[in-house]
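Chains A and B, in that order, are what the protein sequence lines are.
To convert, note that position 360 of the first sequence is 815 in our numbering; the numbers rise steadily by one, no gaps.
To convert, note that position 149 of the second sequence is 150 in our numbering; the numbers rise steadily by one, no gaps.
Heads up, a few of these hints could be off.
[To be verified] Reference listing, derived: stretches of chain A covered by chain B, where coverage requires no fewer than 3 residues with Cβ under 8 Å from a Cβ of chain B:
hint: 1; segment: 475-485
hint: 2; segment: 771-778
[Unchecked claim] Per the computed footprint, the stretches of chain B lying under chain A, defined by three or more beta-carbons under 8 Å from a beta-carbon of chain A, are:
hint: 3; segment: 170-179
hint: 4; segment: 184-198
Think of the hints as simulated: they come from the structure by calculation, not from any bench.
Beta carbons are placed, not taken as given, at the ideal position from N, Cα and C, and that holds for glycine.
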Amino acid sequence: MENNIIIKFQHVTKTYHDDLVLDDVSFELERGKFYTLLGPSGCGKTTILRLIAGFTEATKGEIFFDGKKVNTIPPNKRKVNTVFQDYALFPHLNVFENVAFGLRIKKFKQKIIEEKVKEALSFVNLSGYEDRDIKQMSGGQKQRVAIARAIVNEPDVILLDEPLSALDLKLRTQMQYELRELQRRLGITFVFVTHDQEEALAMSDEIFVINEGKIQQRGTPLDIYDEPINRFVADFIGESNIIKGKMIEDFLVEFVGKQFECVDQGIRANESVEIVIRPEDIEITTLEKGKIHGHVQSVLFRGVHYEIVCQDITGNEWLIHTTKKAFVGEEIGLFFTPESIHVMRLGETEEEFDLRLQSYSEDQTNE
Amino acid sequence: MNNRKMRNLFMIPYALWIILFVVTPIILVAYYSFFDIEGYFSFANYKKFFTPVYLKMTLSSFWYAFLITFFSLIIAYPTALFLTRTKHKQLWLLLIIVPSWINLLLKAYAFIGIFGKYGPPNQFLEWLGIGTKQILFTDFSFIFVSVYIFIPFMILPIFNALNELPSSIMDAATDLGASKWTTFKRVIFPLTIDGVKTGCQIVFIPALSLFMLTRLIAGNRVITLGTAIEQHFLVTQDWGMGATIAVFLIIFMFIIMILTGTRKRGV
Numbered sequence: 456m457e458n459n460i461i462i463k464f465q466h467v468t469k470t471y472h473d474d475l476v477l478d479d480v481s482f483e484l485e486r487g488k489f490y491t492l493l494g495p496s497g498c499g500k501t502t503i504l505r506l507i508a509g510f511t512e513a514t515k516g517e518i519f520f521d522g523k524k525v526n527t528i529p530p531n532k533r534k535v536n537t538v539f540q541d542y543a544l545f546p547h548l549n550v551f552e553n554v555a556f557g558l559r560i561k562k563f564k565q566k567i568i569e570e571k572v573k574e575a576l577s578f579v580n581l582s583g584y585e586d587r588d589i590k591q592m593s594g595g596q597k598q599r600v601a602i603a604r605a606i607v608n609e610p611d612v613i614l615l616d617e618p619l620s621a622l623d624l625k626l627r628t629q630m631q632y633e634l635r636e637l638q639r640r641l642g643i644t645f646v647f648v649t650h651d652q653e654e655a656l657a658m659s660d661e662i663f664v665i666n667e668g669k670i671q672q673r674g675t676p677l678d679i680y681d682e683p684i685n686r687f688v689a690d691f692i693g694e695s696n697i698i699k700g701k702m703i704e705d706f707l708v709e710f711v712g713k714q715f716e717c718v719d720q721g722i723r724a725n726e727s728v729e730i731v732i733r734p735e736d737i738e739i740t741t742l743e744k745g746k747i748h749g750h751v752q753s754v755l756f757r758g759v760h761y762e763i764v765c766q767d768i769t770g771n772e773w774l775i776h777t778t779k780k781a782f783v784g785e786e787i788g789l790f791f792t793p794e795s796i797h798v799m800r801l802g803e804t805e806e807e808f809d810l811r812l813q814s815y816s817e818d819q820t821n822e
Numbered sequence: 002m003n004n005r006k007m008r009n010l011f012m013i014p015y016a017l018w019i020i021l022f023v024v025t026p027i028i029l030v031a032y033y034s035f036f037d038i039e040g041y042f043s044f045a046n047y048k049k050f051f052t053p054v055y056l057k058m059t060l061s062s063f064w065y066a067f068l069i070t071f072f073s074l075i076i077a078y079p080t081a082l083f084l085t086r087t088k089h090k091q092l093w094l095l096l097i098i099v100p101s102w103i104n105l106l107l108k109a110y111a112f113i114g115i116f117g118k119y120g121p122p123n124q125f126l127e128w129l130g131i132g133t134k135q136i137l138f139t140d141f142s143f144i145f146v147s148v149y150i151f152i153p154f155m156i157l158p159i160f161n162a163l164n165e166l167p168s169s170i171m172d173a174a175t176d177l178g179a180s181k182w183t184t185f186k187r188v189i190f191p192l193t194i195d196g197v198k199t200g201c202q203i204v205f206i207p208a209l210s211l212f213m214l215t216r217l218i219a220g221n222r223v224i225t226l227g228t229a230i231e232q233h234f235l236v237t238q239d240w241g242m243g244a245t246i247a248v249f250l251i252i253f254m255f256i257i258m259i260l261t262g263t264r265k266r267g268v
């Protein structure tokens, strides 16, 4: 099982001129998975990438690659290739030579180089572009050349540093599919850095949400979306309503002056908590059926849904995504199921959080 | 319409300048080159240029200009490379540029003092027990001082070219397995070749016609085309021959400009 782990960080800390960029980060990456490091700019996600690539050295802690410590091994000796944010293609070389660069350095025979470059270019749907000048390529095409240049070396890990951020929305969505598809076909570990939560949710096997040099939460896109560990994650991943509340007992929580049935447990009675309810989990209904009442303040047509903002009696604002129409000034009832209520403890660490989640599933199997 | 008139109006000072100080002198030089020393129209000057004396002089001009350019380049490139990697690169660059603001003649005279019989280098040799050597009026001193004067002009374009390279390109090369040397050879140098070409142009062309340094520093031991032109106009009063050499010098300059010209790629 140990062999399945390709990259391992053990208590890695990184400081730049007394600036703490990474704060005691530990994680393991398995072979053949698509990982996403998600976080706002300056959170340390790119630093993790540069540490894996070898462009920068850890201040403290150990980094293992395929079981071997690689802290001081230079980038040109690592079986890792990077796709850079600005592509970093060589403008003086054509498409073929850009892709062939790594192979030429490894002194492959011309025939093998030609074969491999052809294959890599067909992988990214760029067959026939071999003789093009880099300057003649569009943004999306440059992106593909950069990917081909990385995969042609058959690395164990490919690092992608916000590679889609320079593309327009349509192309970006298309490239998301292509990248995911490519990763499945190649079976190589991808480590993808982005600040775009939709991108992260759509592509990843596992997401690491990072903020202020720490991994806030790790898990599958579903886990992270459904059970955010804290306010930061809840806010960063999708839009959410975050309301102050109080845990009454297991499966019962109080907010907006009322008590609601929920699915959370293992939290001390009367502990202050925060409640997350996703905008799409709230239904608009009649006042009688509604669990809480809201006064509609604005209605925005977003194409797929209406975005409604309303205010409850205690002054909390609620964001609702619904296909039903409401009118400004109207009193409406808001309905949500116990499963839609996510309780977050204040200042809970990732380990505590995981333990608590585990206890749920154990309970369920016991029943 | 009015706008175009205005623009033409603004062009006048520049056009006048070009006509008076660039076009006219070139025409005059070409005109004088067809008159021999007695003032008769002839091609004698052109014939004379292809005699061994002048051909040798041309060759030696090219040789010295080449040496000056070569040494400037091998000193300037690593310097520029180092500069782009320092923290306060603009300040360091300024410090290197500052000496070029000082008058050329002043610097030449300073070097006469330095390289002279009682200058610091000779005192040092004396102290070592080697004894005073003739440093001034040698090929060495000529090349040394010329390189010293031209180096800032070589560093600037190379520095700019290096400075424009995004660091991710170097990272990409390393990432793909290139060592430092391979990265330099395959990526950095090819991408800054335009800066190198510009630098060589700025140094080589003036170095071809250097004349003051040849007298002050090389003690007339080095005769370049520039020196020959000066001598013909001021000493032998053979304006025709001087003009002919100047015509050839202009032709050489154009050839070098075309050869080292930076082609716009991918447009």
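Index of numbered hints that the structure contradicts, given in increasing order: Violated hints: 1, 2; rest satisfied.
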